[in-house]
Amino acid sequence: DQQVKQNSPSLSVQEGRISILNCDYTNSMFDYFLWYKKYPAEGPTFLISISSIKDKNEDGRFTVFLNKSAKHLSLHIVPSQPGDSAVYFCAASSHSGAGSYQLTFGKGTKLSVIP
Amino acid sequence: GAGVSQSPSNKVTEKGKDVELRCDPISGHTALYWYRQSLGQGLEFLIYFQGNSAPDKSGLPSDRFSAERTGGSVSTLTIQRTQQEDSAVYLCASSTQGSSYEQYFGPGTRLTVT
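Top line first, the protein sequences correspond to chains A and B. Here this note's numbering is used: position 46 in the first sequence is 78, and no number is missing along the way. Here this note's numbering is used: position 113 in the second sequence is 162, and no number is missing along the way.
This is chain B alone, in the form it adopts within the complex (with noise of 0.2 Å):
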């Protein structure tokens, strides 16, 4: 069946601009997990979302970053008034509840700030 999927694969903006990243993760799958990858660093945990309940924003790094999903499916995750320290490879990972610990990726979104 269908991956996780992503969009858009790259994307180049300007500082201070807003940026939207999507994820479609894999149908069924109640959990939902962004994080970054920075330049030479491992992978950064952002927020989680399980089912219905509040989701887990403890890894966001700052009020510039929020995200939402939409009927328990698709996700967004959006950065406003961007900066060039928030250019990383942003992954999307989804999972089913009874084997969290093993999450599916996505391909990830290469956002450049210029």
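Excised from the complex, chain A in its bound form (with noise of 0.2 Å):
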């Protein structure tokens, strides 16, 4: 049962042009949201993230848009760069339970930037 779901394995873009790549998710107790970047042959890096309680957050190039009613986020990156070029990581955890932060992942979309 995958509780988070990026269903587009792979998204090619036009550099400066928008990219956007989308997230949902099913588990109705997450309630913090991240977006990872990784390049081959290293960990994921941490982007940005968003909380439950705010339905978009911005870091200069990079917007994260949550739709708690839908289950869906998305990452724009605007304008796209060849560097941008990685595949991003969806990624939910819940601060209530256990106590336990650990991160639900999706499988990753995989941004190709053409110059």
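No wet-lab data here; the hints were simulated from the structure. Just so it is clear, CB atoms sit at the ideal spot from N, CA and C, and this is done for glycine as well. Check each hint, because a few of them may be wrong.
Said to hold, decoys possible - Cβ pair distances, simulated, as ranges: (1) Pro110/B to Ser83/A: 28 to 34 Å; (2) Thr125/B to Asp87/A: 24 to 30 Å; (3) Thr145/B to Lys86/A: 18 to 24 Å; (4) Ser56/B to Arg49/A: 39 to 45 Å; (5) Pro41/A to Gln129/B: 29 to 35 Å; (6) Leu43/A to Ser56/B: 15 to 21 Å; (7) Ser122/B to Tyr71/A: 22 to 28 Å; (8) Gly100/B to Glu47/A: 41 to 47 Å; (9) Ser122/B to Ala73/A: 23 to 29 Å; (10) Tyr71/A to Ser56/B: 46 to 52 Å; (11) Gln133/B to Asp87/A: 42 to 48 Å; (12) Ala73/A to Thr119/B: 35 to 41 Å.
As the list claims (entries may be wrong) - Derived DMTMM-like pairs: lysine to aspartate or glutamate, alpha-carbon spacing no greater than 20 Å straight-line: (13) Lys60/B to Glu74/A; (14) Lys139/A to Glu151/B; (15) Lys88/A to Glu151/B; (16) Lys106/B to Glu93/B; (17) Lys37/A to Glu93/B; (18) Lys142/A to Glu93/B; (19) Lys88/A to Glu74/A; (20) Lys106/B to Glu63/B; (21) Lys139/A to Glu93/B; (22) Lys139/A to Glu134/B; (23) Lys139/A to Asp56/A; (24) Lys139/A to Asp33/A; (25) Lys86/A to Glu151/B.
Could you use the hints to bring the two separately framed chains together as a complex?
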């Protein structure tokens, strides 16, 4: 049972255009969402996050939108740059319950930004 | 400062052998996590250490997997009697207690069981 889903395994975007990466979740207990970026042979690096009390968080070229009623979040990158080419993982966690802050990850979306 | 380091970076082992994977977290980070990523899959949570509390082992796939964290710092993940399905990249992450949602990952250990 996959609780965090990234239904697009890959995405190609022209340099300078907007990249939109989507993520859906099923567990209504999730209250914090993160995006990680991963280059080959490296560990994931934290990119941006959003709490469930917000619907938008912006950091430079990166904006994350959260639609709680639809259990959907998206990452917008604008303008896209060739250095953004990487695998992007959506992750979610729950701060309630046992207290473990384990992250539940999607399978990732490989973004290719074409010069 | 130094990030999370893991060793070895690559490990090839024969089916049935035991392996040990090491993680050095960021200095001062009290929380440490192990994940694994199998081919084409997302990261799968394995185990979580927080300070001196009992670890959360809920993600360990079988009793062949164990982990320890000595002195609240370095952690070792041990896989006994390895199987081919254990082949994956094993990732370690650490975080401060105050910002535990933002985990900092090491480069991972790629384990191949032949």
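Each hint tested on the structure:
no.: 1; hint: Pro110/B to Ser83/A: 28 to 34 Å; verdict: 31 Å, holds
no.: 2; hint: Thr125/B to Asp87/A: 24 to 30 Å; verdict: 42 Å, violated
no.: 3; hint: Thr145/B to Lys86/A: 18 to 24 Å; verdict: 22 Å, holds
no.: 4; hint: Ser56/B to Arg49/A: 39 to 45 Å; verdict: 41 Å, holds
no.: 5; hint: Pro41/A to Gln129/B: 29 to 35 Å; verdict: 34 Å, holds
no.: 6; hint: Leu43/A to Ser56/B: 15 to 21 Å; verdict: 34 Å, violated
no.: 7; hint: Ser122/B to Tyr71/A: 22 to 28 Å; verdict: 27 Å, holds
no.: 8; hint: Gly100/B to Glu47/A: 41 to 47 Å; verdict: 46 Å, holds
no.: 9; hint: Ser122/B to Ala73/A: 23 to 29 Å; verdict: 25 Å, holds
no.: 10; hint: Tyr71/A to Ser56/B: 46 to 52 Å; verdict: 20 Å, violated
no.: 11; hint: Gln133/B to Asp87/A: 42 to 48 Å; verdict: 45 Å, holds
no.: 12; hint: Ala73/A to Thr119/B: 35 to 41 Å; verdict: 28 Å, violated
no.: 13; hint: Lys60/B to Glu74/A; verdict: 16 Å, holds
no.: 14; hint: Lys139/A to Glu151/B; verdict: 19 Å, holds
no.: 15; hint: Lys88/A to Glu151/B; verdict: 18 Å, holds
no.: 16; hint: Lys106/B to Glu93/B; verdict: 13 Å, holds
no.: 17; hint: Lys37/A to Glu93/B; verdict: 13 Å, holds
no.: 18; hint: Lys142/A to Glu93/B; verdict: 18 Å, holds
no.: 19; hint: Lys88/A to Glu74/A; verdict: 28 Å, violated
no.: 20; hint: Lys106/B to Glu63/B; verdict: 26 Å, violated
no.: 21; hint: Lys139/A to Glu93/B; verdict: 10 Å, holds
no.: 22; hint: Lys139/A to Glu134/B; verdict: 18 Å, holds
no.: 23; hint: Lys139/A to Asp56/A; verdict: 11 Å, holds
no.: 24; hint: Lys139/A to Asp33/A; verdict: 13 Å, holds
no.: 25; hint: Lys86/A to Glu151/B; verdict: 17 Å, holds
Violated hints, listed in ascending order, are 2, 6, 10, 12, 19, 20; each of the other numbered hints is respected by the structure.
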